[in-house]
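There are 2 protein chains.
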Amino acid sequence: MNYTKIIDISWPISPEMTAYKDKNIVFFNRTKTFDHDHVREALVTIGTHSGTHIDAPAHFLATGATIDQQPLAPLVGLCRVLDLTHCIEKITTQDLVLHDIKPGERILCKTRNSDVEPTACFNPAFVFIDKTASEYLASCKILAVGIDYLGVERGQPNHETHIVLLGAGIAVIEGLRLAAVQPGAYDLICLPLLMNGLDGAPARAILLQR
Amino acid sequence: MNYTKIIDISWPISPEMTAYKDKNIVFFNRTKTFDHDHVREALVTIGTHSGTHIDAPAHFLATGATIDQQPLAPLVGLCRVLDLTHCIEKITTQDLVLHDIKPGERILCKTRNSDVEPTACFNPAFVFIDKTASEYLASCKILAVGIDYLGVERGQPNHETHIVLLGAGIAVIEGLRLAAVQPGAYDLICLPLLMNGLDGAPARAILLQR
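Those protein sequence lines, which keep their order, are chains A and B. Under the numbering used here, the residue at position 198 of the first sequence is numbered 410, and the numbers go up by one with no gaps. Under the numbering used here, the residue at position 96 of the second sequence is numbered 308, and the numbers go up by one with no gaps.
Calculated from the structure, these hints are not laboratory results. In this text, all values refer to a predicted model and were calculated from it rather than measured experimentally. For each residue, glycine too, the CB sits at the ideal point set by N, CA and C. Do not rely on the hints blindly, as some may be mistaken.
[Said to hold, decoys possible] Cross-link-like lysine to any residue pairs, in silico, SDA-like; alpha carbons within 20 Å at most:
#1 B/K244 <-> A/I237
#2 B/K217 <-> B/Q421
#3 B/K343 <-> B/V309
#4 B/K217 <-> A/K217
#5 B/K217 <-> A/A285
#6 A/K353 <-> A/T304
#7 A/K244 <-> B/N236
#8 B/K233 <-> A/E253
#9 B/K244 <-> A/G276
#10 A/K343 <-> A/D399
#11 B/K235 <-> B/E253
#12 A/K217 <-> B/V309
#13 A/K314 <-> A/T304
#14 A/K235 <-> B/E253
#15 B/K217 <-> A/D399
#16 B/K244 <-> A/Q368
#17 A/K233 <-> B/K244
#18 B/K314 <-> B/D399
#19 B/K353 <-> B/A397
#20 B/K217 <-> B/Q281
#21 B/K353 <-> B/I313
#22 A/K235 <-> B/N408
#23 A/K233 <-> A/F334
#24 B/K233 <-> A/M213
#25 B/K353 <-> B/G289
#26 B/K233 <-> A/L255
#27 B/K314 <-> B/L290
#28 A/K233 <-> B/E253
#29 A/K244 <-> B/P224
#30 A/K235 <-> B/T243
#31 B/K343 <-> B/C299
#32 A/K343 <-> B/H250
[As the list claims (entries may be wrong)] Sample of chain B residues lacking proximity to chain A, with all beta carbon distances greater than 10 Å (derived):
#33 P315
#34 S326
#35 N335
#36 K353
#37 Q368
#38 Q421
Go ahead and model the full structure; you've got the sequences and the hints to work with.
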């Protein structure tokens with residue numbers, strides 16, 4: 213595997229990390245400490261949608277696959293980071309058509325969402341992918357789409373963006389951190405924990421610079 | 213990134229998964245269900261050393277680095293899976309010298325540990341890396357070592373194997389599943405969750421076949 217640099221695009225996990233609608237559900241319990249036990253161990257409580265994570269189809273589809281059934285090939289390979297920092301409210305089809313997206317691409321959307329600290333309060337006005345843009349991405353037959361906030365959508369009552377993307381078999385990566393990443397081509401590796409039967413899982417995501 | 217196949221070498225995570233000394237600490241709490249909420253979500257409790265995971269130096273070293281400080285380069289790149297299935301009790305220096313291990317290698321030890329089901333009872337007689345072998349690996353200046361059970365050692369009162377490996381700056385990968393893997397060369401990708409300040413973290417690990 214050839215690369216010159218690993219760029220970590222994962223959201224640091226802690227009890228203080230930004231949580232969807234500020235509902236903090238991450239806890240660390242240090243069950244063994246060095247002073248007491250000469251070893252350190254901890255128990256972690258975390259949501260399937262905390263920080264950087266993959267949404268399995270089962271998140272929003274009645275008979276959707278669970279995260280242990282998620283193929284990994286869409287999450288491992290050439291990707292493109294798009295500069296969408298001009299989008300104020302949402303990403304629409306218009307914002308994407310300029311980028312000449314091809315079948316089989318992995319697309320990461322860099323927006324102004326990435327500008328915040330990883331422990332900032334939840335931003336209810338985060339930039340999201342609207343229904344039209346999700347339909348466009350599905351028509352492009354991409355393999356995966358990632359966004360730099362804790363959801364790919366907000367304020368769409370029937371969760372159309374999720375349902376269109378997951379229904380089209382597109383891997384959905386949420387909670388990326390792209391502030392330090394220049395738009396362009398990289399190798400993406402995004403590996404969710406292998407959790408049996410669940411609707412999603414926390415992941416570590418990196419870009420390899422060639 | 214060129215590969216012909218992704219081989220998942222991760223331990224499936226579930227409340228029923230094998231736990232060290234059978235102390236089950238993994239729990240799934242399905243907080244939203246499709247029937248009730250039209251969305252699925254879950255809360256997961258997991259140990260920093262459950263299933264496939266990385267031991268940070270802080271696990272056993274007083275002033276060791278925590279998992280968020282773990283460099284990823286030792287966990288991403290060319291590796292070699294060694295056939296050590298002949299070892300009955302433990303892996304010793306003698307078992308390793310035959311393999312002509314070079315500086316900068318990533319070494320995964322395939323043993324008979326991999327033969328068990330991922331939900332089997334804990335095997336207190338698992339094959340481990342003894343102190344002499346850990347010193348040999350440190351002298352070889354390898355980048356990472358992995359084993360196919362929940363610990364790299366057992367029954368050594370001062371945890372010498374952990375302390376030698378972590379003290380030498382070698383990344384320690386535990387809980388791999390190698391039954392389906394032919395010994396030989398692959399690209400390894402093992403990504404632990406980015407957990408601030410903890411002594412280890414669950415990881416997803418894959419091999420890329422060229």
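### Task
Assess, step by step, whether the Cα of B/K343 is no farther than 20 Å from the Cα of B/C299, and give holds or violated.
holds (15 Å)
### Task
Measure nothing beyond the straight line between the CA atoms of B/K217 and B/Q281; if it is 20 Å or shorter, mark the hint as holding.
Violated - the C-alpha atoms of B/Q281 and B/K217 are around 30 Å apart, more than 20 Å.
### Message
Can you confirm whether the C-alpha distance between B/K353 and B/A397 stays at or below 20 Å?
### Response
holds (18 Å)
### Query
Are all beta-carbon distances from B/K353 to chain A longer than 10 Å?
holds (20 Å)
#### Entry: 20 Å limit on alpha-carbon distance, applied to hinted pair A/K233 and A/F334
holds (6 Å)
### Message
B/K353 and B/G289 were given as a pair; does the straight-line alpha-carbon distance stay at or below 20 Å?
### Response
Judged against 20 Å, a Cα distance of about 16 Å means the pair holds.
### Task
Hey, is B/S326 genuinely clear of chain A, shortest beta carbon separation above 10 Å?
Label holds. Min Cβ-Cβ 16 Å, cutoff 10 Å.
### Query
Given the hint that A/K233 pairs with B/K244, does the C-alpha gap stay at or below 20 Å?
Roughly 16 Å between the alpha carbons, so the hint for A/K233 and B/K244 holds.
### Query
Given the proposed pairing of A/K235 with B/E253, does the C-alpha separation stay at or below 20 Å?
With a Cα-Cα distance of about 13 Å, the restraint between A/K235 and B/E253 holds, given a limit of 20 Å.
#### Entry: Satisfaction of hint between A/T304 and A/K353, Cα-Cα up to 20 Å
holds (17 Å)
### Message
Would the hint linking A/K244 and B/P224 be met if the CA-CA limit is 20 Å?
### Response
violated (25 Å)
### Message
Between the alpha carbons of B/K235 and B/E253, is the straight-line distance 20 Å or under?
### Response
Between B/K235 and B/E253 the Cα gap is close to 26 Å, so the pair fails against 20 Å, i.e. violated.
In this structure, the hints that do not hold are numbers 4, 10, 11, 12, 20, 24 and 29, in rising order.
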